[in-house]
Amino acid sequence: MSTSKPISSFRLTSLLRSQKDPSLALQLFLNPNPNHPFVRPFRHSLRSYDLIITKLVQAKMFPQMEQLLDQLHTQTRFPTPEPLLRHVIAAYARAGLPSCALRTFLSIPAPSLRSFNSLLHALLAYRDFASFTRLLPHLPRFLGPDACSYNILIHACSLTDDRDRAWKLFNEMRRRGVRPNQITFRTLINLLCKSPQLHLPQAFKVKEDMDRVFKIKPNAFVYTSLIKAVCEVGDFDSAVRLKDEMVRNNLKLDVVVYNTLVSGFLKGGKKDIGFRVLEEMKIGGVKPNSVTCNVLIGEFCREGKFEEAYRILNDGLEGVKPDVFGYNVVIGWLCKEGKWREADDLFGDMPRRQCVPDVVTYRTLFNGLCQCMQFEEAGLVLEEMIFKGYVPRSSNLNEFVGMMCKEGDFELLAKVLSGLVGGGFYCEDVWKTLVLLVCQSEKLLGAFEHFDELVLA
Numbered sequence: 002m003s004t005s006k007p008i009s010s011f012r013l014t015s016l017l018r019s020q021k022d023p024s025l026a027l028q029l030f031l032n033p034n035p036n037h038p039f040v041r042p043f044r045h046s047l048r049s050y051d052l053i054i055t056k057l058v059q060a061k062m063f064p065q066m067e068q069l070l071d072q073l074h075t076q077t078r079f080p081t082p083e084p085l086l087r088h089v090i091a092a093y094a095r096a097g098l099p100s101c102a103l104r105t106f107l108s109i110p111a112p113s114l115r116s117f118n119s120l121l122h123a124l125l126a127y128r129d130f131a132s133f134t135r136l137l138p139h140l141p142r143f144l145g146p147d148a149c150s151y152n153i154l155i156h157a158c159s160l161t162d163d164r165d166r167a168w169k170l171f172n173e174m175r176r177r178g179v180r181p182n183q184i185t186f187r188t189l190i191n192l193l194c195k196s197p198q199l200h201l202p203q204a205f206k207v208k209e210d211m212d213r214v215f216k217i218k219p220n221a222f223v224y225t226s227l228i229k230a231v232c233e234v235g236d237f238d239s240a241v242r243l244k245d246e247m248v249r250n251n252l253k254l255d256v257v258v259y260n261t262l263v264s265g266f267l268k269g270g271k272k273d274i275g276f277r278v279l280e281e282m283k284i285g286g287v288k289p290n291s292v293t294c295n296v297l298i299g300e301f302c303r304e305g306k307f308e309e310a311y312r313i314l315n316d317g318l319e320g321v322k323p324d325v326f327g328y329n330v331v332i333g334w335l336c337k338e339g340k341w342r343e344a345d346d347l348f349g350d351m352p353r354r355q356c357v358p359d360v361v362t363y364r365t366l367f368n369g370l371c372q373c374m375q376f377e378e379a380g381l382v383l384e385e386m387i388f389k390g391y392v393p394r395s396s397n398l399n400e401f402v403g404m405m406c407k408e409g410d411f412e413l414l415a416k417v418l419s420g421l422v423g424g425g426f427y428c429e430d431v432w433k434t435l436v437l438l439v440c441q442s443e444k445l446l447g448a449f450e451h452f453d454e455l456v457l458a
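Just so we're aligned: 440 in our numbering is position 439 of the sequence shown, and the numbers increase by one with no gaps anywhere.
For the record, the hints were derived by calculation from the structure and aren't laboratory data. The beta carbon of each residue, even a glycine, is placed where N, CA and C say it ideally should be.
No farther apart than 30 Å at their CA atoms in a straight line, the calculated lysine-lysine pairs in the DSSO-like style are these:
| hint | residue 1 | residue 2 |
| --- | --- | --- |
| 1 | K389 | K61 |
| 2 | K218 | K206 |
| 3 | K322 | K244 |
| 4 | K195 | K218 |
| 5 | K195 | K271 |
| 6 | K306 | K340 |
| 7 | K306 | K271 |
| 8 | K268 | K229 |
| 9 | K389 | K337 |
| 10 | K340 | K272 |
| 11 | K244 | K283 |
| 12 | K288 | K306 |
| 13 | K253 | K283 |
Pairwise CB distance ranges, derived in the manner of DEER restraints:
| hint | residue 1 | residue 2 | range |
| --- | --- | --- | --- |
| 14 | G320 | V241 | 28 to 38 Å |
| 15 | F130 | S46 | 33 to 43 Å |
| 16 | S15 | R115 | 27 to 37 Å |
| 17 | V357 | A96 | 14 to 24 Å |
Using the sequences and the hints given, assemble the complete structure.
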């Protein structure tokens with residue numbers, strides 16, 4: 002018989018805080034005293050609910066989290082803390098579940114403006130512009146938007162490239178006496194820098210007003226956006242001046258700033274300066290990251306130096322390896338140069354290299370094989386792509402179907418279409434193209450006499 006004392010509510014809170022495994026933490030929460038079956042029913046504290054729900058949120062164990070939220074609401078005397086529900090809303094946004102984020106928000110009896118902002122941010126993170134737009138008329142219910150609200154609205158304009166709307170919001174913000182902050186200005190400047198040929202002078206004007214009028218010092222994000230923009234228009238002297246200005250203002254030149262500089266110089270044909278900045282980065286003790294590797298891979302591929310690109314893929318930089326983006330760049334350039342076999346070999350070798358192909362990898366290789374007229378290999382890549390749940394671009398798939406019809410490879414076309422139907426993939430444009438081609442070609446119609454269900458899908 003155990004002589005240990007039953008765990009108290011206070012002790013449980015301490016144990017939950019120290020338990021790293023969310024499943025074990027949940028087991029502990031549900032049964033804190035397994036060796037004392039006759040102890041009266043355990044009364045959890047609000048803090049213990051907060052801890053376990055937070056752990057489940059971080060582990061994306063949403064069904065278990067929902068059960069405990071319901072238990073907290075229905076079986077305890079505690080009101081569910083609104084900050085905890087905001088945390089849940091943010092977690093649903095990160096997991097790509099905007100409808101769950103909305104449902105959580107609606108469960109708050111009297112939501113605050115801060116919670117409404119959390120919901121808007123969640124919908125925006127998932128690019129759910131339809132729900133985002135429907136909710137905007139409810140903003141006045143919360144006694145007017147604050148700086149966070151306006152930042153979210155301006156960020157939405159940035160995502161949709163709506164500069165006019167962004168400026169209207171900024172001016173409205175000032176009329177209402179809501180003070181812009183660092184996020185406001187960096188979002189506006191980033192939006193203007195997306196079209197540097199048209200709006201770069203205005204971006205510099207916003208930077209000047211930010212410092213002179215509002216007494217807010219530009220941060221590294223602002224400088225990075227401007228450096229990228231001036232490099233795009235070929236104003237490399239301004240890029241160097243901005244870098245020097247950062248040093249004068251005691252802003253740290255981190256790996257993001259250096260990557261932006263190196264990428265801008267290399268793409269602009271200033272290779273000597275680009276590699277000099279890379280050496281400066283090394284001397285300054287700034288460690289490269291996967292983006293640095295990707296930048297160099299892109300430059301070597303543009304010059305046709307695939308051996309150098311492969312060296313970065315194999316060895317990396319200072320122990321840092323490129324990510325899947327670097328592989329996608331090499332595969333794309335190999336296909337562009339007609340080296341489709343090498344591209345296909347690199348694709349097949351990615352798992353051994355501990356790099357998992359993503360949807361862009363599949364799309365890049367599929368498109369490249371089609372351009373190289375290697376339809377059988379493209380069909381195999383497409384089959385694997387559909388099996389993994391990735392969606393090809395409808396325009397590329399439409400072109401693929403058209404080229405196979407033109408080549409008269411109806412057997413492969415039938416196999417591809419069967420795989421698309423079996424994988425549950427439906428693209429209206431592809432089927433319309435196929436129906437049109439069938440109607441125009443008796444030979445194609447005969448080839449598909451046993452595939453009526455595909456044509457009529």
